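One-letter residues, chain by chain:
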Amino acid sequence: QQPVQSPQAVILREGEDAVINCSSSKALYSVHWYRQKHGEAPVFLMILLKGGEQKGHDKISASFNEKKQQSSLYLTASQLSYSGTYFCGTRAGGTSYGKLTFGQGTILTVHP
Amino acid sequence: SAVISQKPSRDICQRGTSLTIQCQVDSQVTMMFWYRQQPGQSLTLIATANQGSEATYESGFVIDKFPISRPNLTFSTLTVSNLSPEDSSIYLCSVISGGGSYNEQFFGPGTRLTVL
Numbered sequence: 002q003q004p005v006q007s008p009q010a011v012i013l014r015e016g017e018d019a020v021i022n023c024s025s026s027k028a029l030y031s032v033h034w035y036r037q038k039h040g041e042a043p044v045f046l047m048i049l050l051k052g053g054e055q056k057g058h059d060k061i062s063a064s065f066n067e068k069k070q071q072s073s074l075y076l077t078a079s080q081l082s083y084s085g086t087y088f089c090g091t092r093a094g095g096t097s098y099g100k101l102t103f104g105q106g107t108i109l110t111v112h113p
Numbered sequence: 026s027a028v029i030s031q032k033p034s035r036d037i038c039q040r041g042t043s044l045t046i047q048c049q050v051d052s053q054v055t056m057m058f059w060y061r062q063q064p065g066q067s068l069t070l071i072a073t074a075n076q077g078s079e080a081t082y083e084s085g086f087v088i089d090k091f092p093i094s095r096p097n098l099t100f101s102t103l104t105v106s107n108l109s110p111e112d113s114s115i116y117l118c119s120v121i122s123g124g125g126s127y128n129e130q131f132f133g134p135g136t137r138l139t140v141l
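Protein chains in written order, with the numbering used here: chain A, 2 to 113; chain U, 26 to 141.
No lab work stands behind these hints: they were computed from the structure. Just so it is clear, the structure is predicted and the values come from calculations on it, not from any experiment. Heads up, the beta-carbon is just placed ideally off N, CA and C, and yes, glycines get one too. Hints may be right or wrong, so weigh each one.
Said to hold, decoys possible - Listed below are the simulated DSBU-like cross-link pairs for lysine-lysine, each with C-alpha atoms no more than 35 Å apart in a straight line:
| # | chain 1 | residue 1 | chain 2 | residue 2 |
| --- | --- | --- | --- | --- |
| 1 | U | Lys90 | A | Lys69 |
| 2 | U | Lys32 | A | Lys60 |
| 3 | A | Lys56 | U | Lys32 |
Unchecked claim - So the derived list for chain A, only partly shown, Cβ under 10 Å to chain U, looks like this:
| # | residue |
| --- | --- |
| 4 | His33 |
| 5 | Val44 |
| 6 | Leu81 |
| 7 | Tyr83 |
| 8 | Thr86 |
| 9 | Phe88 |
| 10 | Phe103 |
| 11 | Gln105 |
Claimed, not checked - Just some of the chain A residues that point at chain U, by a computed CB distance under 10 Å:
| # | residue |
| --- | --- |
| 12 | Gln3 |
| 13 | Ser31 |
| 14 | Gly40 |
| 15 | Glu41 |
| 16 | Ile48 |
| 17 | Glu54 |
| 18 | Lys56 |
| 19 | Gly57 |
| 20 | Ile61 |
| 21 | Gly90 |
| 22 | Ala93 |
| 23 | Gly94 |
| 24 | Tyr98 |
| 25 | Lys100 |
| 26 | Gly106 |
Given only the sequences and the hints, what does the whole structure look like? Please build it.
Set out below in structure tokens:
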């Protein structure tokens with residue numbers, strides 16, 4: 002089942018902050034965040050594992066609430082380059098090799 | 026991270042024909058996937074390409090329409106058969122790389138297919 006992202010779209014001015022949420026009805030092993038710019042492939046940003054480990058972009062932070070099966074991506078002091086569509090991908094079950102199921106995406110637009 | 030290339034990058038095909046997309050990875054990977062992204066939509070998994078055995082298809086996708094080959098750990102092909110305009114999408118190859126607990130998943134540049 003597809004995770005649910007919110008909000009569907011965000012419009013910011015440079016320097017403002019944003020939070021994108023991802024919620025799943027399944028018990029998750031990991032949550033993966035990607036950014037996709039128009040006409041390009043999704044680019045890996047971060048991975049968060051159950052148990053608290055995480056790895057990824059040094060200017061973007063995220064959290065994973067295992068009890069609620071929810072993850073949030075925090076974009077602080079946004080830059081024009083942050084514009085794009087953000088997808089969360091969730092890996093269910095107990096394995097690190099399972100398939101990723103993606104949310105519907107959140108469109109982030111940063112204006113000067 | 027693995028470097029993934031796809032061929033062709035884009036194509037325009039006639040209804041009823043087929044298109045074969047190639048995915049090449051610069052290192053051996055265990056898991057390789059094929060995704061479809063319809064215009065303005067999210068990423069939908071078509072199948073997991075298994076080396077040496079038949080691909081594992083997701084609900085709504087069948088082998089006759091989307092035959093997949095994976096002859097080794099660095100290469101796979103996806104064929105989209107009997108094309109219709111509804112098949113117009115971006116098709117993306119994706120691999121798991123990294124190892125350990127993380128096993129990050131990366132995407133190739135995609136193949137943009139337009140069916141007339």
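How the hints compare with the structure:
1. Lys90(U) <-> Lys69(A): violated, 38 Å
2. Lys32(U) <-> Lys60(A): Distance ~33 Å between Lys32(U) and Lys60(A) Cα, so the pair holds.
3. Lys56(A) <-> Lys32(U): holds, 30 Å
4. His33: Since the shortest Cβ distance to chain U is 6 Å, the answer is holds.
5. Val44: holds, 8 Å
6. Leu81: Because about 22 Å separates Leu81(A) from the closest Cβ in chain U, which is outside the 10 Å limit, the hint is violated.
7. Tyr83: violated, 19 Å
8. Thr86: With Cβ-Cβ at 9 Å, under 10 Å, it holds.
9. Phe88: At 6 Å from the nearest chain U Cβ, Phe88(A) passes the 10 Å test, so the hint holds.
10. Phe103: Holds, because the Cβ-Cβ distance from Phe103(A) to chain U comes to roughly 4 Å (cut-off 10 Å).
11. Gln105: holds, 5 Å
12. Gln3: Where the cut-off is 10 Å and the nearest Cβ of chain U is about 7 Å from Gln3(A), the hint holds.
13. Ser31: Given a least distance of 8 Å, the restraint on Ser31(A) holds.
14. Gly40: holds, 8 Å
15. Glu41: Check passed: Cβ of Glu41(A) comes within 8 Å of chain U, closer than 10 Å.
16. Ile48: holds, 5 Å
17. Glu54: holds, 7 Å
18. Lys56: This hint holds: Lys56(A) lies near chain U, its Cβ roughly 6 Å from the closest one there, short of 10 Å.
19. Gly57: holds, 8 Å
20. Ile61: violated, 15 Å
21. Gly90: holds, 7 Å
22. Ala93: violated, 13 Å
23. Gly94: violated, 13 Å
24. Tyr98: Holds - the Cβ of Tyr98(A) comes within 10 Å of chain U, reaching about 6 Å at its closest.
25. Lys100: holds, 6 Å
26. Gly106: holds, 5 Å
Taken one by one, the earlier hints fail for this structure at numbers 1, 6, 7, 20, 22 and 23, listed in ascending order.
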